[in-house]
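Colleague: First to last, the protein sequences are chains D and X. So the first sequence is residues 6 to 72, counted in the numbering used here. So the second sequence is residues 4 to 820, counted in the numbering used here.
These are calculated hints, taken from the structure and not from any lab test. Hints should not be assumed to be uniformly reliable.
[Claimed, not checked] A few chain X residues that don't get close to chain D, going by computed Cβ distances all over 12 Å: (1) 64; (2) 105; (3) 140; (4) 230.
[Unchecked claim] The following label-pair restraints were derived from C-beta to C-beta distances: (5) D:23 / X:34: 53 to 59 Å; (6) D:15 / X:182: 36 to 42 Å; (7) X:663 / D:15: 36 to 42 Å; (8) D:39 / X:654: 18 to 24 Å; (9) D:39 / X:284: 52 to 58 Å; (10) X:277 / D:30: 44 to 50 Å; (11) X:450 / D:23: 39 to 45 Å.
Ideal placement from N, C-alpha and C gives every residue a C-beta, glycine not left out.
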Amino acid sequence: MEIIYLMIPLAVVLVTIIVTAFIWAVRSGQFDDLEGPANRILFDDDDEQIIKRTDQKTTDDEPPKPS
Amino acid sequence: MNINSSSTDTARPAPSVCYHCHSALLNNDIRSSQDDGGVQYFCCHGCLAAAETIKAAGLQNYYRQRQAPAPRAELPAEQREQLALFDHPAMRERFVVTLDNESEANLMLEGVACPACMWLIERRLSSQDGVVSSSVNYESERANVRWRDDEVALSELMGVVQSLGYGVRPYDVDAARRQRDTAQRDLLKRLGVAGLFGMQAMLLAVAVYLGEWSGIANEHRQFMNWVGGLVTLPVFFYSGSVFFKGAWRALRNKQITMDVPVSLGLISALLASMISLLRADGPVYFDSIAMFCFFLLTARYVERRIGGRAVDVADRLSSALPVLAQRLDDNDHMHAVATSELVVGDRLLVPAGETIPADAIVLSGQSAVDESLLSGESIPRPVVPGGQVVAGSVNTAQTLIIRATTVGAESTLSQLARLLDQASAAKPPLAEWAGRVASRFSAFVLLVAAATAIFWLWRDSSQAWHAAIAVLVVSCPCALALAVPSAIGNATSALARRGVLLLRAGALQALASAKHAVFDKTGTLTKGKLSVSQVSLADNIEQQWVADRVLTIESGSSHPVARALWSWAQLQEASPVVLRGDLIHQPGKGVEAKTADGLLRLGTAEYLHSQGVDIPDVWLQAGDSSLALLSLEQQAIACFYLQDQPRDEAEQTMQAIDGAGLSLHLYSGDRHEAVASLAATVGIEDWTAELKPEQKLQKVQALQQDGGVMMVGDGLNDAASLAGATVSVAMGTGAAMALQNSDAVLTRDDLAALALAVLHARKTRRIVWQNIAWALCYNALAMPLAASGWLQPWMAAIGMSASSLIVVLNAARLQRL
């Protein structure tokens with residue numbers, strides 16, 4: 006059971022790190038809008054990448070070039 | 004253009020609503036063809052422009068992703084010039100923060116309907132050259148933008164947002180608002196600390212409690228208790244200081260609030276635990292302290308968020324006066340100036356549809372002003388040169404040039420504001436149920452603790468300290484402190500989903516205990532706009548023929564009567580006829596038009612009389628309606644009766660509120676006949692008409708002698724009564740001042756939600772009492788056990804958690820409506 010003398014202080018150190026991270030997150034405004042980010046994930050921000058892919062598709066009809 | 008023919012040239016049937024804003028299409032003239040061959044239809048050029056801007060920016064995804072239609076878009080071109088004023092250094096100083104060569108500002112957005120709007124605005128702003136970053140806060144509907152001044156100006160950024168069809172104005176970050184934001188973040192930090200360290204404390208406590216059963220080495224238990232104490236210290240001193248400060252403030256003011264017994268419980272629990280720890284014997288309560296702090300801070304955080312949202316709502320509403328006015332200089336050149344900088348004697352230009360910025364005398368132009376928000380009068384008042392206009396009223400017909408007579412503190416609006424301040428000062432304070440219970444309860448607990456100590460000192464002095472502390476800790480009024488905030492939090496969010504936004508925490512209590520319901524007429528019980536209720540026609544005249552001509556004559560006018568007639572003609576599926584020459588407008592009287600059939604006049608009875616038109620006497624028996632007549636040459640051929648129609652749900656709501664046991668009253672500033680007829684329609688027996696704002700307030704205050712008054716209104720003339728009533732509810736489309744001074748807002752403008760709110764408030768009151776009763780019962784059970792000295796710490800911990808949990812779960816029932 007002597008292991009608890011290592012594990013419990015370790016847990017306390019860990020939670021201190023977590024609390025620090027939380028306070029940093031609050032300070033940097035990450036909790037100011039609790040509704041927006043949940044919705045934001047639903048919108049595609051990768052339009053440019055999608056266009057690139059369709060470009061590739063059209064070139065697929067041509068004989069593949071070694072890259 | 005014929006409506007039917009235009010819809011046949013696409014394979015798909017034309018939609019009946021605008022592609023952009025989903026409002027009903029009046030015709031299919033405005034449309035844009037798509038690359039895929041489809042056609043989109045729009046209600047107005049503003050919406051078309053907004054949709055094209057969105058398409059040009061490659062953001063069409065917005066239309067696929069949105070969950071609610073966009074607001075109707077204004078054509079932005081006219082406002083560009085005015086926006087330039089915001090680049091003026093004096094204006095910038097108020098809104099813009101400059102760091103190096105980057106500037107930052109917050110913009111208030113109007114019309115944000117769903118998350119897709121947020122996405123759209125963010126993306127469009129970020130793609131603008133010179134913008135460093137942009138982010139939209141969906142909750143407060145504010146956009147934060149950073150940009151480089153040498154590349155783009157603030158006015159351009161605002162123009163960009165406007166071109167998407169949203170309203171925008173800079174957000175003035177004053178000290179009070181900044182303080183509110185910091186306080187909110189601060190509370191969240193304390194809550195997080197309590198939660199995270201509290202988890203550790205509980206983890207260790209559970210190990211110790213289990214050890215009590217299965218056996219634990221003394222040194223292990225002691226070690227765990229020490230670590231538990233260590234992690235509880237930040238919770239106690241950092242998170243708990245909120246309660247200590249509150250308790251100290253209350254005691255200094257010789258009051259006892261909930262914070263006092265809470266602090267007492269926390270301090271005694273910590274002291275007892277520390278002593279046990281040092282003596283290596285006796286109970287420790289660290290887990291209880293942490294959990295207690297966490298629960299209470301959660302409740303407080305939720306409460307603050309409700310309050311914060313109320314302030315956001317008030318901020319978001321456009322104020323009664325326009326931000327900018329058009330001043331004419333000596334050479335008749337127009338300059339946009341801030342309304343706050345106007346001085347007496349300024350000559351101002353007010354285009355049709357704009358709000359009048361100052362009390363003034365009309366110099367030139369004939370028009371009609373809509374004062375419905377100020378006086379409750381539903382029909383615009385005609386004005387001619389030399390006549391007076393009041394700041395806050397809306398110019399409906401034609402451009403006016405006016406000379407400002409009073410500005411600032413002396414103006415009619417400011418006087419209303421003063422009346423309102425007096426009213427809110429006289430408002431009966433909302434009873435603090437929990438506060439009262441708490442103060443009695445804590446006095447009782449102290450007595451019991453003292454009695455316990457004395458008893459044990461006499462019987463067995465070694466037990467005295469333990470037992471007294473156990474009483475204080477166990478009676479920790481956790482459940483009691485949670486009883487009210489948890490119920491109110493749940494009820495508030497449930498009501499918000501149904502369109503009732505509570506702005507003050509006490510609103511529910513007051514709603515539950517209201518005995519009288521007072522309503523305003525125009526805009527509250529009625530729709531606030533005129534519509535044709537009845538039409539009389541001369542012999543041999545066909546309704547369709549009349550409708551075609553009315554549509555032609557009244558298209559393009561913004562006068563409420565003209566809008567009502569035009570909508571009526573639209574409903575008859577009228578199609579325009581050809582005019583010979585221009586329409587001749589006689590502001591406040593009517594319109595003259597030459598057609599193939601002859602000379603048509605459409606206007607008031609006086610106007611037609613003055614032109615020598617013969618009008619049948621039976622037509623003039625209008626009762627409470629307004630009249631509009633159509634004549635062909637010297638013959639009156641049609642008579643329209645116009646009324647401000649009651650809301651569809653008004654009668655039903657009155658019955659529901661009456662059924663809930665509230666007495667109904669109707670106090671209006673409008674004319675006698677109009678009020679009488681509405682009262683009869685919706686079923687209100689006690690009504691008074693032609694009341695001035697201060698008379699209205701007096702009547703409300705007189706009613707208040709007899710019991711709580713719920714005041715429902717929308718206009719500036721109601722603002723004072725709203726502020727003075729026990730509990731006030733404003734319509735969501737009402738004047739900003741009315742909204743700011745009310746306890747609740749019907750966000751969807753749906754009266755039916757009102758009855759729901761009253762019933763739900765009563766249910767909330769019931770559940771709060773259940774919670775309080777339960778908390779007291781728990782204490783009645785636990786305290787004797789603690790006093791008798793055989794309550795184990797783990798029992799106290801389980802008891803306290805369970806009692807709190809039951810309170811929280813009971814309150815969760817309020818989520819259902």
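Colleague: Next step is simple, just say for each hint if it's right about the structure.
Modeller: These are the hints, each one checked on the structure:
{"no.": "1", "hint": "64", "in the structure": "violated (7 Å)"}
{"no.": "2", "hint": "105", "in the structure": "holds (17 Å)"}
{"no.": "3", "hint": "140", "in the structure": "violated (4 Å)"}
{"no.": "4", "hint": "230", "in the structure": "violated (5 Å)"}
{"no.": "5", "hint": "D:23 / X:34: 53 to 59 Å", "in the structure": "holds (57 Å)"}
{"no.": "6", "hint": "D:15 / X:182: 36 to 42 Å", "in the structure": "holds (40 Å)"}
{"no.": "7", "hint": "X:663 / D:15: 36 to 42 Å", "in the structure": "violated (60 Å)"}
{"no.": "8", "hint": "D:39 / X:654: 18 to 24 Å", "in the structure": "violated (40 Å)"}
{"no.": "9", "hint": "D:39 / X:284: 52 to 58 Å", "in the structure": "violated (46 Å)"}
{"no.": "10", "hint": "X:277 / D:30: 44 to 50 Å", "in the structure": "violated (32 Å)"}
{"no.": "11", "hint": "X:450 / D:23: 39 to 45 Å", "in the structure": "holds (43 Å)"}
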